[in-house]
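Fit chain B to the known structure of chain A by using the hints.
Number of protein chains: 2
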Amino acid sequence: MELDFEGRMRVVIENIDPEIDQGRYSIKRTVGELVSVKADIYADGHDLITAVLLYRHSLHQDWQEVPMQLTANDRWRAEFKVKKTGVYLYTIKAWVDHFRTWQQDLREKYKAGQPVQVELKIGAELIEKTACRAQGPDHEVLKQWAGALKRGDDPETQVEAALSSELSGLMQRHPPKKWVSVYDKELSVEVERPQALFSAWYEFFPRSFGQKPGQHGTFKTSQKLLPYIAEMGFDVVYLPPIHPIGQTHRKGKNNQPQPQPNDPGSPWAIGSQQGGHKSIHPQLGTLSDFQEFVQKAAQHDLEVALDLAFQCSPDHPYVKEHPEWFLWRPDGSIQHAENPPKKYEDIIPLNIGTDDGQALWEELKSVVLFWVEKGIRLFRVDNPHTKPFAFWEWLIREVKKEHPDVLFLSEAFTRPKVMYRLAKAGFSQSYTYFTWRNSKHELQEYLRELTQTQIRQYFRPHFWPNTPDILPQFLQHGGRPAFLSRLVLAATLSSNYGIYGPAFELLVSEAVPKKEEYLNSEKYEIKNWDLSAPENIKGVITRVNQIRRKNPALQTTWNVSFLEADNDQLLCFSKTTPDLSNIVLVVVNLDPFHTQSGWVKVPVEDLKIDPHHPYLVHDLLSGDKYFWQGSRNYVELNPGVMPAHIFKVHRKVRREQDFDYFM
Amino acid sequence: MELDFEGRMRVVIENIDPEIDQGRYSIKRTVGELVSVKADIYADGHDLITAVLLYRHSLHQDWQEVPMQLTANDRWRAEFKVKKTGVYLYTIKAWVDHFRTWQQDLREKYKAGQPVQVELKIGAELIEKTACRAQGPDHEVLKQWAGALKRGDDPETQVEAALSSELSGLMQRHPPKKWVSVYDKELSVEVERPQALFSAWYEFFPRSFGQKPGQHGTFKTSQKLLPYIAEMGFDVVYLPPIHPIGQTHRKGKNNQPQPQPNDPGSPWAIGSQQGGHKSIHPQLGTLSDFQEFVQKAAQHDLEVALDLAFQCSPDHPYVKEHPEWFLWRPDGSIQHAENPPKKYEDIIPLNIGTDDGQALWEELKSVVLFWVEKGIRLFRVDNPHTKPFAFWEWLIREVKKEHPDVLFLSEAFTRPKVMYRLAKAGFSQSYTYFTWRNSKHELQEYLRELTQTQIRQYFRPHFWPNTPDILPQFLQHGGRPAFLSRLVLAATLSSNYGIYGPAFELLVSEAVPKKEEYLNSEKYEIKNWDLSAPENIKGVITRVNQIRRKNPALQTTWNVSFLEADNDQLLCFSKTTPDLSNIVLVVVNLDPFHTQSGWVKVPVEDLKIDPHHPYLVHDLLSGDKYFWQGSRNYVELNPGVMPAHIFKVHRKVRREQDFDYFM
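Those protein sequences? They're chains A and B, same order as listed.
Read left to right, the first sequence gives residues 76 to 738 (my numbering).
Read left to right, the second sequence gives residues 76 to 738 (my numbering).
Extracted from the complex, chain A is given alone in its bound form (with noise of 0.2 Å):
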């Protein structure tokens, strides 16, 4: 800082928050969320300050003010909405407000019986400095205070008028121009779409729906799916690529390495002489196949989501296109993706390091911009983690520029600060270790991390029980309990949920010995799914959706808070609108095989519930009704019945009372 000979910039404005690394990032928020900012404000001395919060989006050029507020430690707060997507901006501005210490002081010297007659005149002066300043009729109004209040005839009166809160809004209306400090900087939050914090994913793979059974499913015939998936709730179905399969090294069943002729390949090995990330499999039918895809899944009010899988089989076009973008070793060959000592060899990576890189990463680009054009706006990436941060950065901002409706889903199952880092470079919503969380306490200190630390403000979790990579170990042992248990958790933890289906719903829990992977897995081969086989679990997902669309206490992830529990198997949470007109209290037994039972401890007073009348909690999932009384209520889960309640609290309901209306 440079240091001038001015000691009037007085107000010191620090320790902001949020402010993500120094203002580098973007916090982000959706449209209608409040940003709540708070920062350390304070001078020297004791002079009596003011602060506002400055606002405005990008686009406009005047900035709103809010006044802050001092709450304690001289911290000050303030909040605003905001109301439409792309960028909006905030800073903080306070100076010493000379005018209102004169008035305390005024206050308190005419309280000692002291007198205040040259007192008065100071504050004259102070007002007619103000009135020099003020345009139209405040400036005669302003001059008129001032000549009252130097007459100091009167001095009951006079003290009388200069503390009214006439004189008070009046001075307030013209904050002074000179010594105020502004924050060194302004601050950014990048505004998205509801659905970038309240969505339901459903990912399948087209080609397991054919016209027959075992035959190679198509758009056409995978279109059949759609209202199957709409019925049962969700929002967005997540395709894996669809784009061209490549045939060297193309696996085979359960990733073997010498293939059938008839094996399918994986997916994400992307590329062959049909086309690259830009076409389409030819399997799956044609480009306005695939857009009549998208339409009739609309037509369901359901959005598709594609996957960003930036990678390449050897077969990919861009492998002759642009050797340069590829790497190669000492033997002429290619470099394909690996783990040493394991192998990818039907997947090539993209070089980001070559001396090419802007072609490369404007070709990326072009990619991505093609698939907008066609309509679509959500993207699962794959992998993000294993390219460079600054692509990202770039590649999300480039497109959101012109597409702000775009999102993101970063699939990185790696380190957390990477994955954090990520988030911050622009990913809308991000896989999370949630998959791995099963004890009360794993649990309970993940969410704290996620939306009680800085975290909270550019990561928004996305919650998956499973994926076609993932069959966790507790599904693989729980049974139908597990799966319960695990869909109630993923879909009201967080408000943002999907699952890797039918083989969710129906139960799958076959594994690869001693791994986390699905036996027989639909990457590497087409399955033949019996959505009505009598084990499945379409009705409870079913409710468990309508449960959170009807629910606005469901439809974020930030307000979730634990409840103690004197049984460590029974996880209990509340979720709350800021009103409190819509409480869900949500207890899950997490032991997938025996009942639980044990007494919650519900926070009464925080939630404004009579602690001397029952009141009634409704099971959305059962349709059970049981009146609770004070903090301590019992309960009982047997996970063969159902290892989950999801209470929606209805506090003023009595029992007296005739409580069908609800209903």
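The reader is advised that the hints may include incorrect statements.
In this list, chains with the same sequence are indistinguishable; a pair is considered to hold if it fits within one copy or across any two.
What the hints assert, rightly or not - When the alpha-carbon atoms are kept at most 25 Å apart in a straight line, the in silico DMTMM-like pairs for lysine to aspartate or glutamate are as follows:
{"no.": "1", "residue 1": "K260", "residue 2": "E468"}
{"no.": "2", "residue 1": "K602", "residue 2": "D382"}
{"no.": "3", "residue 1": "K260", "residue 2": "D92"}
{"no.": "4", "residue 1": "K492", "residue 2": "E94"}
{"no.": "5", "residue 1": "K417", "residue 2": "E235"}
No wet-lab data here; the hints were simulated from the structure.
For chain B alone, coordinates are given in the frame of chain A:
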């Protein structure tokens, strides 16, 4: 950040600790202290990273490098020692280490029995590239290594060579020049002389030590106190302002507005016809008397600290010479200090917000430099929180430019953030709330804040049990035990501490009713202290200061670690040197009225004490010795005898041995 089309600068360096307010302020150290630096360092993908901490004294051009170590969760650390006063700079650089990554992959592939001929060629290319950068003999040696690997005729030998520490070390000496990430800030360390961290201050009023009782003391007559102070073991003699005292509105005894003719006035009402901040109060003597006093003090190894009180009496020469430096009221009177409805008519503040700010700031700087030229290197600054932060930041920086050995102590008893902000502005030491922290919980919480948070990086606490302004309730009512426990707490919790004497060692406890002010305060009258009064604690003070000097563990504040005790009246803590060669355990009975006893939990594992054998604890206050064993040990303190133990722990002295040697 600018985004170019380069993904090769892949390493992220962020979340550096220590870094104060985004590098805006320096951290502080004294000569010989360590700077331990941590940072999150990571990249996309799975390649290995090398990171180095860079540091240099600002007067040197070349950076020193320290390799950083990965601890956990992508957190790295390294440290360096500061060796001379002035400013050090530090930053971090890191890069993807392709050679080490290649070595790791080679090892895995070879272990798995995969062919490595091509791998060896790739490594040879990496080595050749490095050889091109290398100067001198390394150039040739690297080329030879590359040649040896390239041949690929004897994989076993070649893999062994490729992984050899010889080649690794050679490659490490020639890190890449391109695509190296360098942290975007150079952070700074303000390094001060050791006295900034370890000092014992004694404050007294020279005017109370005249030739005869009741006579105004002088620098000459008060020299007699120097051996007394030195014998008690203090390092610093701090004098209230020594400048001419104003007559106008001079305060009488007990802060009365109507003084008697002989009342000496408050030394903080600076300035009269005899001069201002660069003059000596005539009743104290001359400038040369003062300089002789400073020399005599030095002969007793005592440094003299002066009081910088940047305020004036109405008689200060500045008022006539520079009326523009003061605030004038509409009735032509000068604005005196006030905190409505309280008035301080004998003091008028300087108006830093004047249009002539530059001249005023320069004048105040010249005041400091005037006394620096007279040999003063310590300044206790009165009420710095009533002047702008920018002023202090400028002043301290200006003075330190030429005189890095000058230290400033901030006497800001105000809101915490203001106190901390002054420390950031450059104050070497700061008064604290210790004066009012009495309970175990309060003391532990406060020390945690001071030593376990970022605050420790820039705020050096200075603990005062009393000052001329403050006689705390606890000392008013707790008697001799209260003085003893507060002495031990101040002198052992904090490596900087001070007392206002002789009021402290003579146990003066009579206060203005219902206030924490001394009755018949020395601020307004000449006192006649009986230094040989039988009720004094000089002996204990002397002992405590000796203990501080002999035990390096007590010469820093950052190492305090509280121990569990099962009695809330017993405060227990340890202080140790990093190598555990000096271990001190302090136990204080906070209850001045009753004997308290309990069990203390000694962290034997941390202290590397063998839990299976007794170890000796030697109370350096009483001389008593005890054999303790394991973690739980009994203590009992009768405050009427001594409310504290200061144990030196002899880990290796066994009961069966003769332990006289360590006496």
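Outcome of the hint check:
{"no.": "1", "hint": "K260 <-> E468", "verdict": "both (20 Å within a copy, 21 Å between copies)"}
{"no.": "2", "hint": "K602 <-> D382", "verdict": "within (20 Å within a copy, 86 Å between copies)"}
{"no.": "3", "hint": "K260 <-> D92", "verdict": "both (13 Å within a copy, 22 Å between copies)"}
{"no.": "4", "hint": "K492 <-> E94", "verdict": "both (17 Å within a copy, 19 Å between copies)"}
{"no.": "5", "hint": "K417 <-> E235", "verdict": "between (83 Å within a copy, 21 Å between copies)"}
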